[in-house]
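Asks: My request is simple: use the sequences and hints to build the entire structure.
4 protein chains.
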Amino acid sequence: MYSVDLNCDLGESFGRYTLGNDERVLDYVTSVNIACGFHAGDPVVMEKTVKMALEKGVAIGAHPGYPDLMGFGRRNMDISIEEARAYIIYQVGALKSFVEAYGGKLQHVKPHGALYNTAAKNYELARALTEAVYDIDSELIFVALSNSIAVKAAKDTGLRVANEVFADRAYNKDGTLVSRKVEGSVIHDTELCKHRVQRMIKEGKVATMYGEDIDIKADSICIHGDNVKALEFAQGLRESLLKEEIKLEPLDAKYK
Amino acid sequence: MYSVDLNCDLGESFGRYTLGNDERVLDYVTSVNIACGFHAGDPVVMEKTVKMALEKGVAIGAHPGYPDLMGFGRRNMDISIEEARAYIIYQVGALKSFVEAYGGKLQHVKPHGALYNTAAKNYELARALTEAVYDIDSELIFVALSNSIAVKAAKDTGLRVANEVFADRAYNKDGTLVSRKVEGSVIHDTELCKHRVQRMIKEGKVATMYGEDIDIKADSICIHGDNVKALEFAQGLRESLLKEEIKLEPLDAKYK
Amino acid sequence: MYSVDLNCDLGESFGRYTLGNDERVLDYVTSVNIACGFHAGDPVVMEKTVKMALEKGVAIGAHPGYPDLMGFGRRNMDISIEEARAYIIYQVGALKSFVEAYGGKLQHVKPHGALYNTAAKNYELARALTEAVYDIDSELIFVALSNSIAVKAAKDTGLRVANEVFADRAYNKDGTLVSRKVEGSVIHDTELCKHRVQRMIKEGKVATMYGEDIDIKADSICIHGDNVKALEFAQGLRESLLKEEIKLEPLDAKYK
Amino acid sequence: MYSVDLNCDLGESFGRYTLGNDERVLDYVTSVNIACGFHAGDPVVMEKTVKMALEKGVAIGAHPGYPDLMGFGRRNMDISIEEARAYIIYQVGALKSFVEAYGGKLQHVKPHGALYNTAAKNYELARALTEAVYDIDSELIFVALSNSIAVKAAKDTGLRVANEVFADRAYNKDGTLVSRKVEGSVIHDTELCKHRVQRMIKEGKVATMYGEDIDIKADSICIHGDNVKALEFAQGLRESLLKEEIKLEPLDAKYK
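Residue numbers (the numbering used here), protein chains in the order written: chain A, 857 to 1112; chain B, 857 to 1112; chain C, 857 to 1112; chain D, 857 to 1112.
By construction, these hints were calculated from the structure, which means they are not laboratory data. All figures in this text were calculated on a predicted structure; none of them were measured in a lab. Treat each hint with caution, since some may be false.
As the list makes no split between identical chains, a pair holds if one copy fits it or if it spans any two.
To be verified - With a straight-line cut-off of 20 Å between C-alpha atoms, the simulated SDA-like cross-links for lysine to any residue are:
1) 907 with 991
2) 904 with 936
3) 1073 with 1062
4) 1037 with 938
Replies: In structure tokens, the structure reads:
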């Protein structure tokens, strides 16, 4: 039987600023990635978000990013390998502390935004991130772009790794996502999105933007929760997966 | 036999900015309080400082402060109880993560600057801090101003607590420190400082600025390491204590 | 004939975070106070907000606050007089630069949140702020709580000053606002709010929370724009004032 | 007669952290570039530094950088053109405000660190910076890497521009600096440095790292002031220039 994890970024509010529908999206996903205060989130938001996720029984991951609140972690920064390592230990440690203060266990780590994208292409950076995660807790799961260099880095490090796919994004031939700046990079046809996801899970294939199929592995699907439409899409995707008898379960269920 | 801990604030550098003689002061103390990135310190500095302390076999504590790098955590901020709790879990968790990544164990938590001083007078705030520490790890030791309200809060919470004294500072009748703005608040006579510390440890007494004795408990002495004179003072104090057959050992040795 | 200014805080968004209905509220007010990046706002938001205000012909003021984005400038901070002065010159200068880059002229300065409230009670702090404003440009108008110590400080400094009143807030006998934590501090009866404002403008009186009248001066009324209800209230208030033949005009029109 | 400006980065301290020998270096230079709070400096430091420079009669420039205090503005950040423009208006405006509060006049703008280096190669970015400067005050002088794309952008914008050279750095064939990571990129032979500078000024030539000459224009020479050796070098260079009858004067003297 097939199974997959549905993950969503959470806890992106900051101080007086609210972002996302954190409480509602928790009903649709099996794992959440909680911001750690560098690109979004603050300690009060982190504590509140961790509590909500634990109450709903959703698995928790850390979502560390570049130290760039003004740019929401979406602007690439030329940080050194040493800095990348330390930023991960700091942010993941902070979030882990909230999870453990409430009796939970941190499941995974998924880098955010520009850090995620750069690590998918830069082995040295990815390796620094995965070794930092390993040194924090070798049982943590690393979530990375499906079949990317970051997946390889996590395996080389000795970490369990989850290949992440995107339901509504177009793919390049090399398995990277087509830049949002390119027309057609986001797929708006809901039914097509569902079909693509099912195929990724069952056949391990996806059609690129240019037509041909490439191999892809779908351990986890990234869901958005920042508006009503996103929530509706999440619910629709969820139902279509269950209808296809694809089990929805958090990442750590796979390894038990 | 008497024993006491010598502690020093460490890891207060930030990015391009260097502060203190971290490497040298490690030779004089038995415990260090490492800044956690809110009032001083950054992830790279934290990692480096933790490694140095572990190599030298000095016990490590977290030194959380107000989120105020520009004011070095020395300006009081009217944060809420909820915020105080979350800021502690965040900062202590981040530092603990570095310590454990290198196979060490976090020994204690000592609030920094204005947070330390306010907690010494405000039970509700102190209780929020100590409960946050307890929820992170109930074995952690809380370091607070000797005989202050913060000591009581730590005990009420169920934490082990270390009473901290200051070798070169004048005391008020209520056991609080005389403000640095008052003339005579800092004692410059080195021999007097040494004598006062010995008396605190052996007799549990100290003379206030106004002459009369008050009760004081000296589990740990705060040492500075920010200039050559401070280092010389630390060495002199250390020697005077050893000569008096007062054992120097980290806080957790007391509870073994 | 009576006249009054309607002012609103604007430009409080930050990076990925949106706050307020900046574009819509500009249709109801005669002056806006734009955040300067310390408690809210960022350079991109400031530029965009300044452009919008200039296009709509609304007078612009700087809205400097404590350096506390996480607390939105609402938490008191024990900053020194020297720091207060420098923080004002920095923030007002930054905003003034955007206004002048687009050919406009900065009209006023209104401190934000906790800085506004503390300055209303602390002459020394208020004086530091008003002298900083004077040194930037002695023609700037300082906006302060009606009849407060900050008004006096501005006058002593030689600045023009606008007494600000609040339509929907209860007053204490000393003219300060009743804390939001007290029940009854916010007046929800829209008609009562309108009536109170008219009386402040025409009679120079307002009833305190405890019934008796106090003197008040209403040069400018603070309006909120953070939700639909606030916008409706602004529109209603505006209409009621025009109906009473009270002219709505920006602060600098008074002095021409 | 030949003339040249000697400039130095100043005001890089932050809060409790001190950097550089600001007071002493003011005796050796004709212009200073003062940090504006994004990569270094804070409002109190800026006010103090501006006052010192005005008292010593040294011309003042703004030294804006990336919003990255942790990386000291030395790490490249993929900011947008819109962000670059707004960051310049914000930072330059803040510094200009201090200068004018003390009756001075801002002379120039020199981007810092990674922003300086990226602008030297990226016309679109450089143009955004120079247009922002022009919109603040079209009389400001833009300081950029000699003969670089940023010089062209400043000219195209209609700004006066100063070509900056480095006494102790090796040059590539295209006039860019050899990266500090490359061996030989920093020239330690003091006499050679002096000779190179004189040749740049008098002949408009410099030998690259690979031996051949390239054209170079030397309107201003960058001096460091962060340690005793740097100060000695500044003094030596200054004396050697005066001995060669090269006049030392600030940038705006050229255009009078």
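Asks: Hints first: check each against the structure and report whether it holds.
Replies: Verification of the supplied hints:
Within a single copy, residue 907 and residue 991 get their C-alpha atoms only as close as 25 Å, which misses the 20 Å cut-off; across copies the closest is 13 Å, which meets it. Taking the closest pair of Cα atoms, residue 904 and residue 936 come within 20 Å of each other only across two copies (15 Å); inside a single copy the shortest separation is 32 Å, beyond that limit. For the homomeric pair residue 1073 and residue 1062, the shortest alpha-carbon distance inside one copy (9 Å) is at most 20 Å, but the shortest distance between copies (56 Å) is not. When the C-alpha separation of residue 1037 and residue 938 is checked against a cutoff of 20 Å, the pair qualifies only between copies, where the shortest distance is 16 Å, while the shortest distance within a copy is 31 Å.
Violated hints for the displayed structure: none, as all numbered hints are satisfied.
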